[in-house]
Amino acid sequence: MNRTWIAACFLAAAAARPVSAAPNAAEIVERSQQAFYYPGGDMRARISMDLITSGGQKRSRVLTMLRKNGRGGEQKYFLFFHEPGDVRRTAFLVWKYPERDDDRWIFIPAINAVRRIAASDSRSSFVGSDFSYEDVSGRDLGADVHSLLREEKLGDADCYVIESKPKEPADYTRKLSWVDKATFLPRKEEYYDAQNQLARLFTADAIADVVQGEGRKTYPTVVRRTMKNVKSGHRTEVRFAGVAYELGLGEDVFTERALQSPPARWIQQ
Amino acid sequence: MKWQVAVLLALATSLPGGAARAEEASSTALSLHGFLLAETAARTTGQRPPGGDGGDFVLAEERLRLELTGGAGGAQLLVKGEAAHDAIGKEVAVDLREAYVAHAIGPADLRLGRLIVTWGVGDLFFINDVFPKDWESFFSGRPLEYLKVGVDGVQVRFSTPVVDAELLAIPFFTPDTLPSASRFSSFFPYAGVPGQREELPPARFSNTELAARLYRHVAGFDVSLYASRGYWRMPSIRLDDPVAPSTATRFYPELSTYGASLQRNLLAGTLSVEAGYYDSRSDRRGTDPTIPNSQWRFLAGYQRELRPDFTAGLQVYGELMSSYGAYRSSLPPGAPLQDELRGVISLRLTRLLDYQAWRLSLFVAYSPTDEDYFVQPEVAYKVTDALSVRAGANVLGGRHDWTFFGQFARNDDVFLAGRLDF
Numbered sequence: 001m002n003r004t005w006i007a008a009c010f011l012a013a014a015a016a017r018p019v020s021a022a023p024n025a026a027e028i029v030e031r032s033q034q035a036f037y038y039p040g041g042d043m044r045a046r047i048s049m050d051l052i053t054s055g056g057q058k059r060s061r062v063l064t065m066l067r068k069n070g071r072g073g074e075q076k077y078f079l080f081f082h083e084p085g086d087v088r089r090t091a092f093l094v095w096k097y098p099e100r101d102d103d104r105w106i107f108i109p110a111i112n113a114v115r116r117i118a119a120s121d122s123r124s125s126f127v128g129s130d131f132s133y134e135d136v137s138g139r140d141l142g143a144d145v146h147s148l149l150r151e152e153k154l155g156d157a158d159c160y161v162i163e164s165k166p167k168e169p170a171d172y173t174r175k176l177s178w179v180d181k182a183t184f185l186p187r188k189e190e191y192y193d194a195q196n197q198l199a200r201l202f203t204a205d206a207i208a209d210v211v212q213g214e215g216r217k218t219y220p221t222v223v224r225r226t227m228k229n230v231k232s233g234h235r236t237e238v239r240f241a242g243v244a245y246e247l248g249l250g251e252d253v254f255t256e257r258a259l260q261s262p263p264a265r266w267i268q269q
Numbered sequence: 001m002k003w004q005v006a007v008l009l010a011l012a013t014s015l016p017g018g019a020a021r022a023e024e025a026s027s028t029a030l031s032l033h034g035f036l037l038a039e040t041a042a043r044t045t046g047q048r049p050p051g052g053d054g055g056d057f058v059l060a061e062e063r064l065r066l067e068l069t070g071g072a073g074g075a076q077l078l079v080k081g082e083a084a085h086d087a088i089g090k091e092v093a094v095d096l097r098e099a100y101v102a103h104a105i106g107p108a109d110l111r112l113g114r115l116i117v118t119w120g121v122g123d124l125f126f127i128n129d130v131f132p133k134d135w136e137s138f139f140s141g142r143p144l145e146y147l148k149v150g151v152d153g154v155q156v157r158f159s160t161p162v163v164d165a166e167l168l169a170i171p172f173f174t175p176d177t178l179p180s181a182s183r184f185s186s187f188f189p190y191a192g193v194p195g196q197r198e199e200l201p202p203a204r205f206s207n208t209e210l211a212a213r214l215y216r217h218v219a220g221f222d223v224s225l226y227a228s229r230g231y232w233r234m235p236s237i238r239l240d241d242p243v244a245p246s247t248a249t250r251f252y253p254e255l256s257t258y259g260a261s262l263q264r265n266l267l268a269g270t271l272s273v274e275a276g277y278y279d280s281r282s283d284r285r286g287t288d289p290t291i292p293n294s295q296w297r298f299l300a301g302y303q304r305e306l307r308p309d310f311t312a313g314l315q316v317y318g319e320l321m322s323s324y325g326a327y328r329s330s331l332p333p334g335a336p337l338q339d340e341l342r343g344v345i346s347l348r349l350t351r352l353l354d355y356q357a358w359r360l361s362l363f364v365a366y367s368p369t370d371e372d373y374f375v376q377p378e379v380a381y382k383v384t385d386a387l388s389v390r391a392g393a394n395v396l397g398g399r400h401d402w403t404f405f406g407q408f409a410r411n412d413d414v415f416l417a418g419r420l421d422f
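From first to last, the protein sequence lines are chains A and B.
Residue 1 is where the first sequence starts when you use this note's numbering, and the numbers rise one by one after that.
Residue 1 is where the second sequence starts when you use this note's numbering, and the numbers rise one by one after that.
Isolated chain A (complex conformation) (with noise of 0.2 angstroms):
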């Protein structure tokens, strides 16, 4: 058989599926966490957090991300905190994997030393914040069961409506998600309660078309994001600048040496 035999072969099979038909809520959701955790083979991000209380105290976070896609939904990231003063220069080394428990450091620039944190309880808050590290990271696929409620519109964008419920107990019971259907973006998340009572909401307030790479890419990226405990008031609104893929970063930016000396190159501020 030649090549263009196998081509053909494809685009029939392709052409045979009814061209209406939704994809399933695991593919949506494997879909979004890509366009959501994965885009690019690497990235870079200056991002600022915001706690802010109900009755309007704010508490501010600096940080510049990296991140390195690795084989098999691997990834690397290295955190530099330039704000708040007490934790500047403190950074965190993750290597996240898929089915076991990730890897952690933290360097503290205080005493210089370098230490193994325990992977956190992924419902722990992520510096303080709204965000649970989980929220931050991605989810396992299939720690829920996910299945598709309707299609609807958001705003102005069309959107898949995504309802996931958690296989073993988890900080929610049930999770509505609201999947641009034109970028898989999630454009808002409801998290409800043991009582079914609305706790936690997600909303990606700004998404920009971030162009990198060797192809002029496009990356929808949500530039502007808002997580808000419902109950409490408290929300923490995250803010990404300096957004770029395809950088090449390479392995020796996510090591026990890069958190001794921060690759200057990709955190200055």
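Treat the hints with care, since some could be wrong.
Said to hold, decoys possible - Stretch by stretch, here's where chain B covers chain A in the computed footprint (C-beta under 8 angstroms, at least three residues):
no., region
1, 26-38
2, 73-87
3, 121-131
4, 243-256
It should be emphasised that the hints constitute simulated quantities derived from the structure, not laboratory data.
The beta-carbon is built from N, C-alpha and C at its ideal position, and this holds for glycine as well.
Based on the hints, put chain B in the right spot on chain A.
Below, chain B without anything else, positioned relative to chain A:
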């Protein structure tokens, strides 16, 4: 020691910048940050040390920290300087905590100056971290970073795909800082000797302390091997005349160490194991009672987040003396007899609350062999991003007044501190 740092910095800045990796040739702007720290600690036992200067106060000071960082032509500069006003001693002291020039050449990172180096995997137990500690700061409730003291020297690190190697050469010796007699009661049997002197190893080329560490991440384990050649940092005491001494000399015997550490994930927690052999080179047979015997040190620890934002860490630590028989038979009559094994277990609990604005922690250490203990509860609250307050206590005691924790039994204190970052 400031001139030593000045020499090192001058040497460092004269390094050729052209060899730097091209991508790091860009210069980074100088940035200046720091904090103001006001701290006070008071003894709760009412048992003031004889001739002490602070009454019931162990600590009352304001501290200004300035941190300057920047880089140019592949070289990076970091200077952390401090001025502290001691309200008890009514003096202002200036301290250079850390100051170095760093330079990256391919796989090598070079640092020259005053360096703070922390090795090993223990929580407050140090085996292969052979660098100086400031126990006075620690027991008086200063922030934990003040337990570590910089060394003056040069550090080279080679990173290769197979292994990372770190080498330190320290020409200028720095001893541990022990709680001072004017602020703390501790075990010092020769306090009555009229002449007190200290004998530091002279800064000669042949006296340069060396320390090396090899590191590799392999199959989920962080593996490190360590070796060092230098001196004990806790002083030994030599008397000019054992019967009627007129001079007690604190000196620092020769020491080499060899060790290893392992760390890995285990059951959603972190397992830490560390061991080391302390080769007391000046008294290998263990017959000189003024010099510590060689010993093995080992540590096993496990840390795990039990619930979101609630972490527990458990450690078992031990020191096993070599040549215990020689130690026993050479001990002067009346001197306290240590056990062959000193074992300590510790527990640390940490709870974060209210979006991590509150941090509650408790450290408890108990030695079943020395029969002494150390308890440190602490509460820290971040009022704003810039302003934080911290309060806690140090509670120590034990059966004997000469063991590590037991000797400080009269120094239980409470501390309160406020910090403003800028």
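Tell me the numbers of any earlier hints that the structure contravenes, in ascending order.
1
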